[in-house]
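Asker: Since each chain comes alone in its own frame, lean on the hints to assemble the complex.
The listed protein sequences correspond, in order, to chains E and V.
If you're matching positions, the first sequence starts at 0 in numbering that gives the first Met the number 0 and goes up one per residue.
If you're matching positions, the second sequence starts at 0 in numbering that gives the first Met the number 0 and goes up one per residue.
Worth flagging that the hints you see were computed from the coordinates, not collected in a lab.
Keep in mind that this is a model prediction, so the values were computed, not measured.
Beta carbons are placed, not taken as given, at the ideal position from N, Cα and C, and that holds for glycine.
A couple of the hints might just be wrong.
Unchecked claim - Covered by chain E, per the in silico footprint, the following chain V stretches (three or more residues, Cβ under 8 Å):
| hint | segment |
| --- | --- |
| 1 | 371-379 |
| 2 | 442-454 |
To be verified - Within a straight-line C-alpha distance of at most 20 Å, the following computed SDA-like cross-link-like pairs (lysine to any residue) qualify:
| hint | chain 1 | residue 1 | chain 2 | residue 2 |
| --- | --- | --- | --- | --- |
| 3 | E | K223 | V | K590 |
| 4 | E | K53 | V | K276 |
| 5 | E | K146 | V | K590 |
| 6 | E | K173 | V | V148 |
| 7 | V | K276 | E | C111 |
| 8 | V | K336 | E | V98 |
| 9 | E | K146 | V | P160 |
| 10 | E | K223 | V | G317 |
| 11 | E | K173 | E | E240 |
| 12 | V | K590 | V | A570 |
| 13 | E | K58 | V | K116 |
| 14 | E | K173 | V | L112 |
| 15 | E | K103 | V | T274 |
| 16 | E | K53 | V | R90 |
| 17 | E | K152 | V | L112 |
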Amino acid sequence: MARRTVILCLRGLLLAVIATGVQAQPPGASGAGGYVGSNACKTCHADIWLNFYKNPHFKSVASGDLAPSRTGCESCHGPGEAHVAVRGGKATIPNAFSVMSQAKALEACLTCHARDFQKANIRRSEHTLADVACTSCHSIHHSPTPKFLLARKQTDLCYGCHAGIRAQFEMPSKHRVNEGFMECSDCHNPHGAFAPTWRMSDRPRMVDQALNNEEPCLKCHVDKRGPFVFEHPPVRVEGCEICHFPHGSTNERLLRRPVVFTLCLGCHNGGASGTRNNGVPIQTSQHNLLDPRYQRCTTCHVRIHGSNADETFLR
Amino acid sequence: MTAILTRCCLVFALCGALRAQEVIAPTPEAVGVARGGDFANYNIVDSIELGYRWRLTDGSVDTYRSDVNYGDGIRLLASNLSIHSKDGHGRWFDEIVLSTSGLGNDPYQNATLRIQKNGLYRYDLLWRQDDYYNPGLLISGGDHLMDTVRGLQDHSLTLFPQSHVQVDLGYSRNTQSGPALSTVQGFETTSSAFPVFENVRQQWNEYRIGVLADWAGFRFIARHTWDYFKNDSTYNLAAAETSGVPADPTVPQQFVRTEPNHGSNPGWFGNVYGTRKYWALNARLTYNLGNGGFAVNELTTGLNSVGAADNRQIVVSGDAQRPVVAGDFSVSLFPTKRLTIVNHTAVHDTRIDGDSYFTQFNDGTGAATTLNFKFLGVRTIANSTDLNYRFNNWFSAYAGFTDSDRQIRFLEAFSFPSVAGSAINDLYQQESRLNSGSVGVRFRPIQPFSINLEAEAGHADHPLTPISDRNYHTLGGRLQYRTRKLQLSTGYRELYNENAPLSFATYSSRSRQYNSAASFALRDWLSFDASYSKLHLDTVGGLAFFAGTQSPQLQTSYDSIYLSSIHAANAGLRFAFHDRADLFVGYTITKDTGDGRASAVPVGVTDPIASLLDSVQTFPLTYQSPMARLSIRISPKLRWNAGWQFYGYGELFHLLGFDQDFHANTGYTSVLWSF
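So here's chain V without its partners, still in its complex pose (with noise of 0.2 Å):
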């Protein structure tokens, strides 16, 4: 039983060596295999972490809390507890496993808890809450900060989950709460924007029940799902805000802003697929009917542009709607054992279209009602074939070929109820057909040596925005190599898209990673794990745009570019002293070089239109974060762990005049008590 016992720690200390760095709690580290205890026919294992997390941090504490957000205060690091029956013959259940992690007002908290007898029924609960925070400074310069808590559960429920017949019943919500700021312009579309206080209020809830059954070798799957959707988010404006720029005296002094909106999304959903011998089939078929209805109302008083008092009511109101329809049928064929083809069609087909009334009130007085209208169609069929043949153990290939066509309609109308024949229509409809093959081979000389090579070049002839692939072609390799003490890998992917001249400009994208990763479990009491990746992004596209320091004028001598070159880099070395003591040192970096200039605007540029654009073609940074963390066995049920991350985090060039660099020191204490 020993060697049994020492076996399985190794196994558990392999795979602590090849752990991806993490934060540093709770902590991973197990106290010991845990066998549980065993209470009537049911063998229970638990464990708890309880512990107390502190931070300090020094600088842009918003870029802290939206990219960590790590806190004060005692927190449940962690749990896990399950219990299953020996034979598999329990009263009311089988199994329960229930995992919890940051519960006790971590930013990140969640639950999974699974119930199930044996062939009587399963169920599945997972509980999510994240507590969100985003200031957005280089987006709107703060004005569109968010701090709200996100809540999601699910609930599946399968009934008879070993039949030919079961029965599936599901329940998931999702709501989003809490203050945030958003932006509304004064008293026309031109002039500035004021920041508005908004309570955020979003909830959204669906049902579910399927039903599951097999019949002639083939699986059947229908289900009709209900979900409920409703905004009652609200907006108003805390005290008389001015606009800040010199030549627009446009106060607002009081704005408060309604706008309800509710809606469902009934749905159905079937799929039947089989396998046979020689062949295997999958097909699917989806209905989604969005729809939803809103009002809108909106009042601002205060000084308009010109400076004198004004009040402006908006009323909007109408529904929109969404039917979507996708379909699959897939078809596989397996005429020898080496050889596998499969054909597969897609086609999928979105309407959404809506009324939006539209009336406005100055002063009092109301203008005519504007009836808006929009429709947009994508209808897209697809083909895509694939074969894979296995030369023999070793060596195998596939091939593949991709042929797409899409339709997109757009229509934009608006008219005037109240006068016959008014509207006014603009339509337009554009058609792209995508070809794209792909090719990739797979080594494998030695089992556990593999070599993946891959190959795909694709055209589309109308794409829909000039970044969208057009001429595009990937080529990727994958170098492996992985025992159970010993992986090493190194790959290679890039991505270009080359479009063709739009009738005022190019773009051309080019991606390229490479990275390399180790990890080797030197001793069961010895590990380390490193991984290198280089991202090199650049992009550059013709611009055609207004500006000017006087009055805008069309520019279009420019270029967008933009240069990103990432080199990130992890490492991770653990100790264990004799069964007693664990310590895990790792360390993360992040850093966009750019394209190495020493400054935002390159020196001698005195073009301001050149100096904005150059300003932005980069965006260097660091960002790391060093680690450890000690941990230390007690008892057998019985750890004490500490640790210590910190994160650094610096901009280069701070991007349009906001400082967002920040260090925080965080770390931890707990005590881990396992059975």
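Next comes chain E alone, as it looks inside the complex (with noise of 0.2 Å):
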């Protein structure tokens, strides 16, 4: 009696367990919906399945477990059935992105990448504003790179619009992209950022964060980034590029300015000892600027990003 009990209660709890895992299936699984599959679309569009394999998104194919509505060919476009009805055509496809506004893109897209952390700031990005959405950058069926389906390399892709910038990169100094050794989003983020910790945090809005909380030029040049007991203020206040040009400038060391002096005058600016009582040094009758040991400020003040030893950043 007592196992016959057993059994049937293992029975019920079978049963149940199907019957949860049945209604656990999306509506779609079974064709509602218009959805038709993906074998279906490779009929046609054989030369976009063909090495659909290698694309990022072919892990929703992969799975065999998620509904229609997020896998595939269908995931992106919408169901195909009216597609496949009247054998084409793009005004049937629910989603086709070559005449979709952006707006739209965005949001398609955003179905699923809005979980992408990457992706957190995209509704205040500058991008987003300027309606410069996905498909703007991306290229998800003939993408040429190996990484993040971009339209084309990531410099030739910024470049096509900021223009500006690309004469920047071509100056006598600069960090090296066009060498291939850096990539814009080493420190920007194309999909928008925090506020930044420097300058008053209302820009810029696309350079992301790195170290936490850091501005991204002290992810590669650590050596700048202390704690020193005396830190030059400007560096925490205002940003590296209150002094330096951040992507190219035909100074030296991406300076504002070709002549040192010309640049600490900007700030060190004053005829006293002490301070512009706001704590910003000035210099000194020691100083005479006719000389030309003090016409290279950093020759003395050698720790001019930071200093444990001195003040004055002479050591």
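Answerer: Next comes the structure, spelled out in structure tokens:
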């Protein structure tokens, strides 16, 4: 009796599990909603299907357990029943990205990619405000790049709109982007970034923070990061770009001026000992600007980014 | 199938047409559409370019190495390997992608690797090595030359990348080592500076572990990081140095400095974000606790500023801390499909303080130890709201407003620990408020044509420095026509920062950028691209400084003026001869015309102070680089390539008497094999 009871209980449990599994099946799995499956698509679009296994989106096909609305061609393009019925035509594709507005393309991609951390700020990014959406930079089926499905090499994409920045990277002193050593995304997040922890937290909006909450320059130039007992305040307050052009410059070491003293005088401007009442020191009468020694400030103030031993950065 | 391949070739050809001009090698032209080879259930595509670089330089090799730095020798110019499982169910992996560039002694070497198995793991590696050379002639007269190697690597492993609970592990490393020059002063802080040899040894390591979880439609991320840095650079003097200044007989005969600086930056990062039909939320909180300990031991012997034998030892020790908290909270609302409202609040707090115990021994006798202390605190709270409204498919507009409040506190203090109550403090506190507003409109009358116009104006009441943004505005606009074969664009942007008078001076900065670009793939065998930019910058500010031919006097009647007018252009033309050969010719030029003056100091200026300031008001120069590359397809899997690139750098005035001009012919020949 007890054995029959146990068997009945097990049968009941098994039925309950099966029933739960059936309930968990998405409605599209049975072909509802006009989904026809990727096999129907590849009949005509064999050229796309041929190499689709190399596409990151193929993961949804390989998983084999996703609802039709979240796997294969129809996860992006929408249900294909009408498209198949009339034997093609963009008008019958619910999401035909080549004719969609940028805003709709963005919404279509965010259906899944809103979960990506890198896109957490996409609503406030300057690209979104300027109507630059996913398909402006990404090519899902004909990407020549090994990662991220970019429509072209990353620098070419960015230069396509930012010709002024391209000009800066062709100057004598520059970060090695054209040389392939760096990419724009080393410092920028094209999908939007958090508010900067430098300047007044207003601009820039597309510069990604590194090392949790630091300016991205410090990701590579870690020797400038400190902490130092005596930090050069502008580095923390205004950011590196108060002295440097971040992309490229006609001046050495990406500086904003060719000769150092003209740069330093921009802030340390004034004639008396002490500070200008806000902590910014001004030069003393010891500094005779006509003496060549005082025209190269960093020859003595060698630790200009920060020092542990001298508040005027002499060592 | 032929049609498919032809279409793919056309796509690649178009990509080539739109490519920005880069360095001459590696060769961007592909052998063809590599379908790769199948092995078991994998498809393998591989390409390797092996070649030889050469260079001939004339003029300042130092500047060439600083600006270009390509040398002679055999290189693995580039390689790409990709392996993909054909059903997404590989046993150990589903994808391997490996790309390298410049291996074998190029100054800029890098490699990326991705290995992943669907649903189980994803591993990414980024490795880079940079040979850095810079004489710093205008900055320090060559006394701050650097010839170092910086190595960077980043490893990231994600477990269960497609599941609702993921684990992230990471390791990053950054090292810099090599010889360099630095400068030290003699026995007094007013003496001349002398070059010393520096052995750069810096190292930074970071370890990361994080968890990502999806719950109730939100994604939660928590990550802990540990990083450790150490700087063990040392300094010494190779031989006795004289100052070269007749009035300064200082001669350091021996100098040694060691200054180990070790520390760590443990940190936390947390983020939660999610999207619903009518709203989205994104919140972040980060915390970094930076701390470091240091010691400095410096010994100098020689002749001091009056020519007497002297020796000085300086000992400094202490520690520094920098806790940083940053948080963001962003709410997005989508009340209709046309309207998006985003409100973003950011809070940031940095507190930097530390103790530095300084003791100086002159001729073996120690002075009282000084305890130097400094605190720098920066606290910023900013709130911004953006409204983005799409009227229809061809017209939309946005507007935004930002309010930011920043408080900066400096506390500088020193005391003599051996003397009770000797502390002297200086406290500075400054609060600044920034308000800015922006508007923009977008037109897309037809699908390929778009017009963007934008403007922003802002005011900060107490910026930290005279050159910080105070009363500023930006204006910008861009027109773009973009199809698969033709791209045309033109744009303009200006940023004016007109600061109100300080107590003694005004400051004005005006920058304007004009640019136009065109790319045209006329045929699949002929394409062309070109762009032109003009970057204008002029600044003027009042000056107060000390200068004089006999003794320094306070000067307040001079202005600091800088004018840069840069014309930058590039053009590239690509021919393909019957799928057998590709020829690319290109040209890039950057020319700063300054203000058009013929000499650094205008004729008639005799005042030595005016002459000095006039001479640094402009920096006219020309930097140009023509190039040509021929790539011949020998077989469907093999190409032979050769290229030449010229670099010419010439300054008009040679500021401070340094001649940095150079000419360099560089080139390469290579074989590119792919399958």
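Asker: Compare the structure with each hint and give your call.
Answerer: Evaluated hints:
Only residues whose C-beta sits within less than 8 Å of a C-beta in chain E count toward coverage, and the segment 371-379 of chain V has 6 of them, enough to reach three; the restraint holds. Check on the segment 442-454 of chain V: 5 of its residues sit with their Cβ under 8 Å from a Cβ of chain E, so the three-residue criterion for coverage holds. A distance of roughly 32 Å separates the Cα atoms of K223(E) and K590(V); the hinted pair therefore is violated under the 20 Å criterion. For the proposed pair K53(E) and K276(V), the alpha carbon gap of about 32 Å is over 20 Å, so the pair is violated.
Taking the CA atoms of K146(E) and K590(V), the gap is about 36 Å. The hint is violated against a cut of 20 Å. With a C-alpha separation of about 17 Å, the suggested pairing of K173(E) with V148(V) holds against the 20 Å cut-off. Proximity of K276(V) to C111(E) is assessed by CA-CA distance (about 13 Å); at most 20 Å being required, the pair is judged to hold. The hinted pair formed by K336(V) and V98(E) meets the criterion: a straight-line CA distance of about 18 Å does not exceed 20 Å.
Taking the CA atoms of K146(E) and P160(V), the gap is about 16 Å. The hint holds against a cut of 20 Å. For the hint linking K223(E) to G317(V), the alpha-carbon distance of about 18 Å falls within 20 Å, and the restraint holds. With a C-alpha separation of about 13 Å, the suggested pair K173(E) and E240(E) falls inside the 20 Å cut-off, and the hint holds. A distance of roughly 15 Å separates the Cα atoms of K590(V) and A570(V); the hinted pair therefore holds under the 20 Å criterion.
For the suggested pair K58(E) and K116(V), the alpha carbons sit about 10 Å apart, so the restraint of at most 20 Å is met. Proximity of K173(E) to L112(V) is assessed by CA-CA distance (about 26 Å); at most 20 Å being required, the pair is judged violated. Taking the CA atoms of K103(E) and T274(V), the gap is about 16 Å. The hint holds against a cut of 20 Å. With a C-alpha separation of about 16 Å, the suggested pair K53(E) and R90(V) falls inside the 20 Å cut-off, and the hint holds.
Among the hinted pairs, K152(E) with L112(V) is consistent with the structure: their alpha-carbon atoms are about 17 Å apart, no more than 20 Å.
Checked against the numbered hints given earlier, the structure breaks hints 3, 4, 5, 14 and satisfies all the rest.
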